Amino acid sequence: DQQVKQNSPSLSVQEGRISILNCDYTNSMFDYFLWYKKYPAEGPTFLISISSIKDKNEDGRFTVFLNKSAKHLSLHIVPSQPGDSAVYFCAASESNYQLIWGAGTKLIIKP
Amino acid sequence: DGGITQSPKYLFRKEGQNVTLSCEQNLNHDAMYWYRQDPGQGLRLIYYSQIVNDFQKGDIAEGYSVSREKKESFPLTVTSAQKNPTAFYLCASNSRQSTDTQYFGPGTRLTVL
Chain A
1 DQQVKQNSPS
11 LSVQEGRISI
21 LNCDYTNSMF
31 DYFLWYKKYP
41 AEGPTFLISI
51 SSIKDKNEDG
61 RFTVFLNKSA
71 KHLSLHIVPS
81 QPGDSAVYFC
91 AASESNYQLI
101 WGAGTKLIIK
111 P
Chain B
1 DGGITQSPKY
11 LFRKEGQNVT
21 LSCEQNLNHD
31 AMYWYRQDPG
41 QGLRLIYYSQ
51 IVNDFQKGDI
61 AEGYSVSREK
71 KESFPLTVTS
81 AQKNPTAFYL
91 CASNSRQSTD
101 TQYFGPGTRL
111 TVL
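Chains as they are written, first to last, in our numbering: chain A, 1 to 111; chain B, 1 to 113.
Treat each hint with caution, since some may be false.
To be verified - Simulated DEER-style distance windows between Cβ atoms:
1) Tyr39(A) with Pro8(B): 15 to 23 Å
2) Glu58(A) with Ser22(B): 37 to 45 Å
3) Thr77(B) with Lys56(A): 42 to 50 Å
4) Lys57(B) with Ser52(A): 24 to 32 Å
5) Gln41(B) with Ile108(A): 16 to 24 Å
6) Pro39(B) with Val78(A): 26 to 34 Å
7) Asn67(A) with Ser7(B): 35 to 43 Å
In short, the hints are calculated from the structure, not lab data. Values in this document were obtained by computation on a predicted structure and should not be read as measured data. Cβ atoms here follow ideal geometry from the backbone N, Cα and C, with glycine treated the same way.
Isolated chain B, as found in the complex:
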């Protein structure tokens, strides 16, 4: 089955530690995105990538880093510089033929203790 997978579903980390969230898609999509969702707020764009080896900052990129070494994978690292990292993180992708309709992974709930 084609889709987007994110792992793990729940993640706990101590304050000051970097943590990497996984996102994999087998939909052959060119573009991939990372969003953050907080209670009472819409989805806010962290980073996006339209092609392998290229990515751009979104609205709230500070404290995060990404890589896009393979088309299928777009991992997100939450660094210790991110001041409020506890949130629900969503990965999405879309194809060139359907640039506006994004497909989402199940999400990762990160809790920093």
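Only chain A is shown next, with the shape it has when bound in the complex:
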């Protein structure tokens, strides 16, 4: 039973365009959501997060949107750059130490 789902295993986007990565969750008790970026053979690095009291958080080219009623969050990357090609993981937390992770979406930025 996956509590955090990333339904798109991969996504291909033209350089300079917007990349939108989606994540759905089932546990309404989740109150903190994070996005991590992972290159091959490396550990994930924290990208951006959002608390359930907000519906948007922006950091440079990265914006995360949270729709609590739909139990959905998304990561927007504008404009997309070649270095953004990586696997992106969505994770959620219920205010404890355990993060619940999605399966990841592989983002490919085409030149």
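Got chain A sorted already, so can you dock chain B onto it with the hints?
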């Protein structure tokens, strides 16, 4: 520089042998974690420890063991009881002040032949 180190980066073992993966952090973090990543799957929690000399099983603890004798170190032993040990193993840590944002090591790719 502060960070988390995992060694070795690549590890090969024969089937039936126990193997221990190292994880060290100098971030003064209280909590440490071990995750396993398999293709097409999210990170799955093996074990975690919130304080020295204490640890709890995660979702897939069977076939693994850990110890937390020092705050800086959280080694993971993959035992011969683990049925499918070939995977990418990630260690992470976080502080009490930032309980939800974990910092990861570079990972160890274990291949059992």
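* Hints the structure violates: just list their numbers, smallest first. => none
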